[in-house]
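S.K.: Be aware that the sequence shown starts at 1, since it is given in this note's numbering, and climbs by one per residue.
Among the clues, some could well be false.
For lysine-lysine, the following PhoX-like pairs were computed, each having C-alpha atoms within a straight-line distance of at most 20 Å [unchecked claim]:
{"no.": "1", "residue 1": "78", "residue 2": "33"}
{"no.": "2", "residue 1": "132", "residue 2": "54"}
{"no.": "3", "residue 1": "55", "residue 2": "132"}
{"no.": "4", "residue 1": "115", "residue 2": "61"}
{"no.": "5", "residue 1": "55", "residue 2": "22"}
{"no.": "6", "residue 1": "17", "residue 2": "61"}
{"no.": "7", "residue 1": "43", "residue 2": "33"}
{"no.": "8", "residue 1": "81", "residue 2": "17"}
{"no.": "9", "residue 1": "133", "residue 2": "155"}
{"no.": "10", "residue 1": "132", "residue 2": "43"}
{"no.": "11", "residue 1": "73", "residue 2": "152"}
{"no.": "12", "residue 1": "133", "residue 2": "153"}
{"no.": "13", "residue 1": "54", "residue 2": "152"}
{"no.": "14", "residue 1": "73", "residue 2": "33"}
{"no.": "15", "residue 1": "115", "residue 2": "133"}
{"no.": "16", "residue 1": "55", "residue 2": "73"}
{"no.": "17", "residue 1": "78", "residue 2": "54"}
{"no.": "18", "residue 1": "55", "residue 2": "17"}
{"no.": "19", "residue 1": "43", "residue 2": "17"}
{"no.": "20", "residue 1": "73", "residue 2": "155"}
{"no.": "21", "residue 1": "54", "residue 2": "22"}
{"no.": "22", "residue 1": "33", "residue 2": "54"}
{"no.": "23", "residue 1": "73", "residue 2": "115"}
{"no.": "24", "residue 1": "54", "residue 2": "81"}
The calculated label-pair distances, taken between Cβ atoms and stated as ranges, are [to be verified]:
{"no.": "25", "residue 1": "95", "residue 2": "156", "range": "27 to 35 Å"}
{"no.": "26", "residue 1": "130", "residue 2": "35", "range": "18 to 26 Å"}
{"no.": "27", "residue 1": "139", "residue 2": "115", "range": "20 to 28 Å"}
{"no.": "28", "residue 1": "158", "residue 2": "40", "range": "23 to 31 Å"}
{"no.": "29", "residue 1": "118", "residue 2": "55", "range": "37 to 45 Å"}
The hints are simulated quantities; they were obtained by calculation from the structure and are not laboratory data. Model, not experiment: these values are computed from the prediction. Using N, Cα and C, we set each Cβ at its ideal position, and we do this for glycine too.
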Amino acid sequence: MLLFSILGLNVSAQEIKTLSGKVIAITDGDTFKLLTQDSTQIKIRVANIDCPEKKQPFYQKAKQFTSEAIFSKNVTLKILKNDRYGRFVAEVIYNDSLELGHQLVKNGYAWHFIKYSNDPQLTTLENQAREKKLGLWSDPEAIAPWEWRSRKKQKASKE
């Protein structure tokens with residue numbers, strides 16, 4: 001069982017419900033750093049979605065959207081788990097009621113990451129963004145980040 005010792009808490013992921021803090025850095029569209037109330041810095045991965053990777057189209061716009069939405073703001077996290085990179089995977093609430101993952105998908109800056117999520121609202125929001133050709137959906141050849149990463153690994157293994 002993975003413990004959240006980084007925060008000085010001796011509880012499992014299942015026992016942590018929420019955590020609040022100030023966003024101090026944006027890594028990319030779905031990853032950022034949070035400064036907790038006890039001045040601990042932690043890395044957060046937005047749950048249930050996947051934004052374009054660094055060399056993909058719309059990477060910068062997804063990062064900019066996230067920055068404008070949450071940078072230097074206080075947010076509340078609903079922590080779901082820790083990932084293999086040591087980040088907290090969480091739903092991110094900002095401006096009192098907006099969920100960052102939902103807003104990224106709604107505006108066409110992220111895919112619903114169905115491998116890890118069965119959120120019907122995200123499916124609906126993605127379908128609406130596709131129909132309206134918002135953000136990355138304006139590109140008829142948009143490639144999901146998980147497919148892009150897979151192709152990149154395959155290419156690297158052939159070299």
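S.K.: Is the straight-line distance between the alpha-carbon of residue 73 and that of residue 33 20 Å or less?
M.R.: 12 Å, holds
S.K.: Regarding the pair residue 73 and residue 155, is the alpha-carbon distance no greater than 20 Å?
M.R.: 40 Å, violated
S.K.: Assess, step by step, whether the Cα of residue 54 is no farther than 20 Å from the Cα of residue 81, and give holds or violated.
M.R.: 24 Å, violated
S.K.: Using the Cβ atoms, figure out if residue 118 sits within 37 to 45 Å of residue 55.
M.R.: This hint is violated: roughly 29 Å between Cβ atoms.
S.K.: Verify the proposed pairing of residue 73 with residue 152, using a straight-line Cα cut of 20 Å.
M.R.: 35 Å, violated
S.K.: Residue 115 and residue 61 were given as a pair; does the straight-line alpha-carbon distance stay at or below 20 Å?
M.R.: With Cα atoms ~24 Å apart, residue 115 and residue 61 exceed 20 Å; violated.
S.K.: Holds or violated: the 20 to 28 Å window for the beta-carbon distance between residue 139 and residue 115?
M.R.: The hint (20 to 28 Å, Cβ to Cβ) holds, given that residue 139 and residue 115 are roughly 22 Å apart.
S.K.: Under the criterion that the straight-line Cα-Cα distance not exceed 20 Å, is the pair residue 81, residue 17 satisfied?
M.R.: 10 Å, holds
S.K.: Range first: 23 to 31 Å. Now tell me if the beta carbons of residue 158 and residue 40 are that far apart.
M.R.: 42 Å, violated
S.K.: Going straight from one Cα to the other, do residue 54 and residue 22 come out at no more than 20 Å?
M.R.: Status violated; Cα separation ~24 Å.
S.K.: Holds or violated: the 18 to 26 Å window for the beta-carbon distance between residue 130 and residue 35?
M.R.: Between residue 130 and residue 35, where Cβ atoms are some 36 Å apart, the hint is violated.
S.K.: With the threshold set at 20 Å, check whether the alpha-carbon distance from residue 73 to residue 115 stays at or below it.
M.R.: 30 Å, violated
The structure fails to meet hints 2, 3, 4, 5, 6, 9, 10, 11, 12, 15, 16, 17, 18, 20, 21, 23, 24, 25, 26, 28, 29 from the earlier list, while all remaining hints are met.
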